[in-house]
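S.K.: Letter by letter, the chains look like this.
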Amino acid sequence: MLNKIIVAVQKSDFDLDSELEALKLKTEKAGAVVIFVGKVRDLEDDNLRYLEIESFEDLAKNQIKEICDDAANKWDLELILVKHRFGRLKINDNIVLVITCSKHRKNAYEASEFIMDYLKSNVPFWKKEVADKTQKWVENS
Amino acid sequence: MLNKIIVAVQKSDFDLDSELEALKLKTEKAGAVVIFVGKVRDLEDDNLRYLEIESFEDLAKNQIKEICDDAANKWDLELILVKHRFGRLKINDNIVLVITCSKHRKNAYEASEFIMDYLKSNVPFWKKEVADKTQKWVENS
Amino acid sequence: MGKVKLKYFSRIRETIGKTSELVEIKSTNIQDLIEELQAMGEQYSVLKGRDFAVYSAVDQSIVTDVKTSIEGAREIAFFPPMTGG
Amino acid sequence: MGKVKLKYFSRIRETIGKTSELVEIKSTNIQDLIEELQAMGEQYSVLKGRDFAVYSAVDQSIVTDVKTSIEGAREIAFFPPMTGG
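Heads up: the protein sequence lines correspond to chains A, B, C and D, in order.
Heads up: the first sequence begins at 1 in our numbering, then just goes up one per residue.
Heads up: the second sequence begins at 1 in our numbering, then just goes up one per residue.
Heads up: the third sequence begins at 1 in our numbering, then just goes up one per residue.
Heads up: the fourth sequence begins at 1 in our numbering, then just goes up one per residue.
Just so you know, these hints were derived from the structure itself, not from any lab.
It should be emphasised that the depicted structure is a prediction, and the values quoted were computed from it without experimental measurement.
A couple of the hints might just be wrong.
Each computed DSS-like pair below joins lysine-lysine, with the alpha-carbon atoms no more than 27 Å apart [stated by the list, open to error]:
no., chain 1, residue 1, chain 2, residue 2
1, B, K90, A, K26
2, D, K7, B, K65
3, B, K120, B, K4
4, A, K120, C, K18
Across the chosen pairs, the derived CB separations fall in these ranges [unchecked claim]:
no., chain 1, residue 1, chain 2, residue 2, range
5, A, K136, C, E24, 34 to 40 Å
6, A, A22, C, S69, 39 to 45 Å
7, D, E21, B, E21, 43 to 49 Å
8, C, S69, A, K65, 23 to 29 Å
9, A, K65, D, S61, 47 to 53 Å
10, C, E71, A, I5, 31 to 37 Å
11, C, E21, A, D17, 43 to 49 Å
12, D, K48, A, E66, 54 to 60 Å
Virtual Cβ for every residue (Gly too), placed ideally from N, Cα, C.
Based on the sequences and whatever the hints tell you, model everything.
M.R.: Structure below.
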């Protein structure tokens with residue numbers, strides 16, 4: 001069974017290379033690493049000045065842990081890491097990092113998508129887009 | 001249409017953070033980045049000493065470009081990057097990097113899996129596992 | 001019931017104008033609590049969820065049924081649909 | 001036909017014992033070429049694909065039909081199933 005679940009809700013940025021190096025030490029028998037990075041994107045019809053992400057920190061962390069446990073039960077994985085940022089972010093800043101590592105890449109892909117789907121609507125974060133002409137809370141489509 | 005396809009067949013390693021920073025400059029309107037890293041894994045029942053990857057370099061590069069073109073036609077993507085290494089690699093060394101970037105994450109995930117499926121059996125690389133007790137060419141299962 | 005800490009997030013926080021407050025309540029479920037809070041001012045009508053769905057979390061556990069008991073709860077949070085990721 | 005550069009990879013390279021060679025050939029398709037090469041030695045029987053599928057690439061284009069013409073080709077590569085990724 002998987003015992004390597006790493007979850008963080010944080011203001012600070014993350015560093016891909018050091019995350020990858022750290023996970024490698026724990027997953028010598030796994031060859032597939034799927035990394036999802038969600039980043040702040042510019043708007044279609046306005047210039048984004050910044051994205052403000054509000055979070056209910058403790059609950060968010062617990063909710064993410066739960067979904068990681070679910071994923072660990074559903075797929076054969078060596079490691080799951082989820083880090084979600086909050087606070088004021090600019091275009092191209094990283095928002096979320098999801099890493100899944102497995103022997104067979106299909107498991108890593110499926111678990112990564114599963115975690116991201118869940119993160120979108122079941123973890124207490126709220127995003128406000130502050131642009132030149134408009135300012136609005138993002139709604140799930 | 002997508003005009004950002006980056007392909008390399010190389011001996012040298014790649015650096016995730018600098019790849020991510022470089023792609024961000026070209027994808028300001030996209031929020032989803034899916035990164036697949038294939039790494040050398042240890043064997044189940046023997047100790048891997050090294051993995052030797054042989055390549056038919058020019059053909060490999062062309063085959064990868066073709067699959068990237070296919071992916072670009074199938075999915076709405078902002079950028080595709082594929083770097084595949086050859087030569088002698090040790091446990092946990094990176095083998096392949098596939099990055100897909102899109103507005104909607106589903107496209108990035110699907111394109112990434114599609115590219116990896118194709119890479120496994122349609123691009124001229126061959127892997128030989130050299131371990132303590134055995135030495136054998138990897139076969140596709 | 002006694003004193004409960006209420007927390008507000010996102011659009012609800014903005015409308016009510018506070019991130020949290022300590023309130024003496026009588027209600028024993030979420031639905032009744034929302035009604036009870038209406039007496040505290042016009043701005044609390046946002047909790048009725050007419051413009052967008054309103055979620056709540058009782059002692060850090062997300063509640064989907066508004067009839068869920070809140071007896072003994074120490075913290076109740078209200079928030080609009082989550083938009084993480 | 002004339003002179004063609006033959007390239008061998010992986011297990012085929014190991015069996016034949018060369019990475020490439022320049023050979024004068026008469027055949028006009030892959031299938032005939034493999035037969036023709038048998039005269040050069042026992043080790044070329046690996047190209048018949050009895051132990052594993054043998055792929056070829058004519059002037060850097062992977063060929064799936066062994067009847068494909070190789071007239072005018074300058075480089076023909078032989079290799080086992082690919083195992084990239």
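S.K.: Each hint: holds or not?
M.R.: Quick rundown of the hints versus the structure:
no., hint, verdict
1, B:K90 x A:K26, "holds (15 Å)"
2, D:K7 x B:K65, "holds (22 Å)"
3, B:K120 x B:K4, "holds (23 Å)"
4, A:K120 x C:K18, "holds (25 Å)"
5, A:K136 x C:E24: 34 to 40 Å, "holds (35 Å)"
6, A:A22 x C:S69: 39 to 45 Å, "holds (43 Å)"
7, D:E21 x B:E21: 43 to 49 Å, "holds (46 Å)"
8, C:S69 x A:K65: 23 to 29 Å, "holds (25 Å)"
9, A:K65 x D:S61: 47 to 53 Å, "holds (51 Å)"
10, C:E71 x A:I5: 31 to 37 Å, "holds (33 Å)"
11, C:E21 x A:D17: 43 to 49 Å, "holds (45 Å)"
12, D:K48 x A:E66: 54 to 60 Å, "holds (57 Å)"
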